[in-house]
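In order, the protein sequence lines correspond to chains A and X.
Residue numbers for the first sequence follow my numbering, beginning at 594 and rising by one.
Residue numbers for the second sequence follow my numbering, beginning at 27 and rising by one.
You can take every hint at face value.
Under the rule of at most 25 angstroms between Cα atoms (straight-line distance), these lysine-lysine pairs were calculated in the DSS-like manner: (1) Lys674(A) to Lys202(X); (2) Lys202(X) to Lys87(X); (3) Lys673(A) to Lys85(X); (4) Lys148(X) to Lys85(X); (5) Lys202(X) to Lys137(X); (6) Lys641(A) to Lys197(X); (7) Lys148(X) to Lys87(X); (8) Lys660(A) to Lys179(X); (9) Lys87(X) to Lys705(A); (10) Lys78(X) to Lys148(X).
Some chain X residues well away from chain A (every beta-carbon gap over 12 angstroms; in silico): (11) Asp59; (12) Pro60; (13) Val79; (14) Lys82; (15) Ser84; (16) Gly115; (17) Asp120; (18) Ser126; (19) Ser142; (20) Asp152; (21) Lys166; (22) Pro171; (23) Ser176; (24) Ile203.
Treat the hints as calculated values from the structure; they're not laboratory data.
Just so it is clear, CB atoms sit at the ideal spot from N, CA and C, and this is done for glycine as well.
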Amino acid sequence: MQTHKSLVSKYLFIVAVLICAFVLMMGFKSSEDTYKPTRHTVTIFKMKFNPEHLVVNKGDTVVWINKDFYQHDVTEMTSKKWTSKPFNQGESWSKVITGDIKYYCDLHKVMKGTITVAK
Amino acid sequence: MKTKARYKLTVICALVMATSGLMMAQDAPKLTDPEIASVAVVANQIDIDYGKVAIKRSKNKEVTDFANRMIEDHSAVIDQAVALVTKLGVTPKDNAVSQSLMSQSKETLKKLNSVSKKDFDKTYIDNEVAYHEAVIGAVKNVLIPQAQNSELKDLLEAVLPALEAHLGHAKMAQSKISK
Numbered sequence: 594m595q596t597h598k599s600l601v602s603k604y605l606f607i608v609a610v611l612i613c614a615f616v617l618m619m620g621f622k623s624s625e626d627t628y629k630p631t632r633h634t635v636t637i638f639k640m641k642f643n644p645e646h647l648v649v650n651k652g653d654t655v656v657w658i659n660k661d662f663y664q665h666d667v668t669e670m671t672s673k674k675w676t677s678k679p680f681n682q683g684e685s686w687s688k689v690i691t692g693d694i695k696y697y698c699d700l701h702k703v704m705k706g707t708i709t710v711a712k
Numbered sequence: 027m028k029t030k031a032r033y034k035l036t037v038i039c040a041l042v043m044a045t046s047g048l049m050m051a052q053d054a055p056k057l058t059d060p061e062i063a064s065v066a067v068v069a070n071q072i073d074i075d076y077g078k079v080a081i082k083r084s085k086n087k088e089v090t091d092f093a094n095r096m097i098e099d100h101s102a103v104i105d106q107a108v109a110l111v112t113k114l115g116v117t118p119k120d121n122a123v124s125q126s127l128m129s130q131s132k133e134t135l136k137k138l139n140s141v142s143k144k145d146f147d148k149t150y151i152d153n154e155v156a157y158h159e160a161v162i163g164a165v166k167n168v169l170i171p172q173a174q175n176s177e178l179k180d181l182l183e184a185v186l187p188a189l190e191a192h193l194g195h196a197k198m199a200q201s202k203i204s205k
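Isolated chain A (complex conformation) (with noise of 0.2 angstroms):
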């Protein structure tokens, strides 16, 4: 038979350890949902990229802005899985990413430029 003291002793313990575990769940949870995805500009300037290599978080966007006087796409490079299609001086696109990408320019083949997501 317990008595009394005991039975509020465990009773405590029980609700400390719920206490502790939602405030753990609570901190994970937190972390998530307050971070908020930042923007990174590639310029597009006398034909490069300028950044040319960019570390970013997934979910990130990352926009390219044209400050050349000639027309710039922005193309994926192993099998041109997406293109921004030309765009000119003064104009941008941008693209949420998603994980590692290789890209290029389809109009100037020899811009190139990578995206990698920070591990």
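With chain A's structure known, arrange chain X on it following the hints.
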């Protein structure tokens, strides 16, 4: 074999003739800004004219895509040059270098229009590689150092990376065609 070797020699001679005006320009008397503007417009227009022949004569997508790019980009440079000289109130002035470029381009155009369809792609791309190499040399060593107006100098410096990108693109096309 003899005919092929003779043909190659003719092509090489034509390329040397086509680019010698620009190379000679390195020893040419000092050019004024209106003369530099004229050389810049003429040099761009020549490559547009070569591109138009390529679109008409080639069935190779690599070649026609490259030719279309040359037309688009060199037209953009001419638009920039015209906007600048209009802003500066300068009239491009014909000179010995631009005249030499024009007369040599006539010879090259004759060649591009008369070469057999089979040999056209190689002739066009080989000429593009040689022409861009010569123009890059002239812009770097003659036009930029001699330009007095800072905006004209800036425009020439802005054009240089594009010429280098075109040369790299032309070499890529050249290696695919020669396979």
